[in-house]
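A.B. asks: What follows is each chain in one-letter form.
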Amino acid sequence: MSAPISAGYLTPAEERIQSGTVTVTSAQGTPVAEGQPVPDWDYFTDLTATWPLHVDLPGVLQDCGLSSDATVTCFVTWHSSSTNRRGNSPPARLTDGGNQLIVVIPGTEIGGNLTVTARMVLAAPDPAPTSPLAATLPGAILWQNRRRFTLEGSGSRFPVVATSFADSGLAEGRRSLWYLSCTPDLDGSDTGSIRLYLNTDHPAITTMLNQPDAETSRTLADMLRHDVVRQLIQTALRCEDLQDDHDHGEGTLGELFINLTRRYFPDRSLSDLRSQHRSDPGELEAVIQGLDRVLA
Amino acid sequence: MSRLHVYPRLPAPVAEQLLTVHTGRDLLELRTLSATADPRTTWYPTAPYRVPEDDLRALQQTVRAIATEAHWPAPLSKTSGTAFDRLLAPALYRQMTIVPADAASEEVWSFLSLVLLPDVALWRWPNPLRRPGYERIIGRPRNVFRRLWARIHSLGEDVGAQLYEDEAVAILERPTLGAHPRVARAIAHAHLTTAGEAGTARTDILRITARRLRRLAVVVSLESLDDAQLADLMRRYTKEAIDQLQSERTTSTYRPVPTQVQARSGAR
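Chains P and E are the protein sequences, given in the same order. Just so you know, we're using full-length UniProt numbering here: the first sequence kicks off at 1 and counts up by one. Just so you know, we're using full-length UniProt numbering here: the second sequence kicks off at 1 and counts up by one.
Honestly, I wouldn't trust all of these hints.
[To be verified] What follows is a list of derived Cβ distance ranges for each label pair:
1) Q162/E - R225/P: 42 to 48 Å
2) Q211/P - Q162/E: 54 to 60 Å
3) D185/P - W43/E: 29 to 35 Å
Simulated from the structure, these hints should not be mistaken for lab results. Source: prediction; values computed, not measured. C-beta: ideal position from N, C-alpha, C; glycine also.
Hey, can you work out the whole structure from these sequences and the hints?
C.D. replies: Structure below.
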């Protein structure tokens, strides 16, 4: 889930909303909860996502500074990482107590990871809000929560290409080990923006590819993994548009950068990391090395 | 609705090798090297309908006919390249009848660009710097054919074919805006109807609109708005972008004369 974002208006306390088990089901299948792969799914299998919500509606309205006349709707959206497609169920008026949000997802439009998001929004401006800090814009998000399901593979597919640098002209055709190509477009697709080229002209790389269990291959693979992380974090820190509180959207390079820096530095802000990167980049690299336990 | 097909997939390493080999080749030679099949391709495993070879041949002919209208193999100017794209986009979308999820595969578009139609792909985007992973030919989102297909799939034929390349990119490459067809179409429609008559740079207007909408989408769920609310919002944001741009231009063209110069020249 993304970091909390200051919306500039009142939002409900988390305890006012209880989510039941969120599931995804194919026509013949059994419901699958988050964290499990969806079995037997293919492009030709539609899915149904179900999100049970129990809501203390008077409490939500009170927390949000809205009157009892305010119309709050809820619905569920989906986003597919491979097709970069979104859809949603029709918004329905939120009721006090149990709400069942259901969306049918066409199989031909999805792949990769499926993110399902439940949202509660203000449908129209409240005629008599109880607080000047109440949301006013139609569609203002009062609450949202996400779940992620794996449809294909074990997550996002990191594109790796083994090729001769001499033939392709990469890195001036030199006998380098690898080249991480990253177009720092924060709104671009994560897997579409990054590509790792392995130079098949280098004997260490061919050994790593042909004999992955060899001692030297394992060492090199360890170094490779670390170098990729190191370069991605450096690129992330050079992107001034990358901010802690900005939701770049699922499946984007921005989200990947945020998740990566949070995983390595959960207690540090991007501005703090940027500051260290500017003043002492060597030490920051050494920290990443230590966190990666390179050759340890 | 017609039957949806899956297409052959050319693995990434093979695609990169072919790109290296094809780059700089004579276009007539590329035409003779083109094919409707390649032994190195794979298919999506469980698809009931693989695209028949006859359909691939028909697609080849359609694309080549449009290229011929654009004077293939003569080099394209920027304007004629855009005109070719506008003609090709709807024809490609209609004729491919590809499963949209299959169209998200890089390998499918690499097959189209490097096996089926290298003569047209490298004519439209010749890769003059001989870049190995050239994004216009390898099947990534900016691929010569993929971006046109995606434009029509998301925006529809009516508005999709009317947008300039940079305008489509401004919408479709921002996942919060371009991934939801109803939202994407509302942005494009408001842009074409409002900014089309603004008499200023359309692409700049859309870039400002999209940037501001993306910020709004952090706190407002655009997909929750009904059609009327969405149209109203998009119209307002487009008008505000036009105002902003016109105001910036007025400010940048107004150059007050420095006081010392005024004094020297006697200007008041």
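A.B. asks: Each hint needs a verdict: does it hold in this structure or not?
C.D. replies: Against the structure, the hints:
no.: 1; hint: Q162/E - R225/P: 42 to 48 Å; result: 46 Å, holds
no.: 2; hint: Q211/P - Q162/E: 54 to 60 Å; result: 55 Å, holds
no.: 3; hint: D185/P - W43/E: 29 to 35 Å; result: 31 Å, holds
Checked against the numbered hints above, the structure violates none of them.
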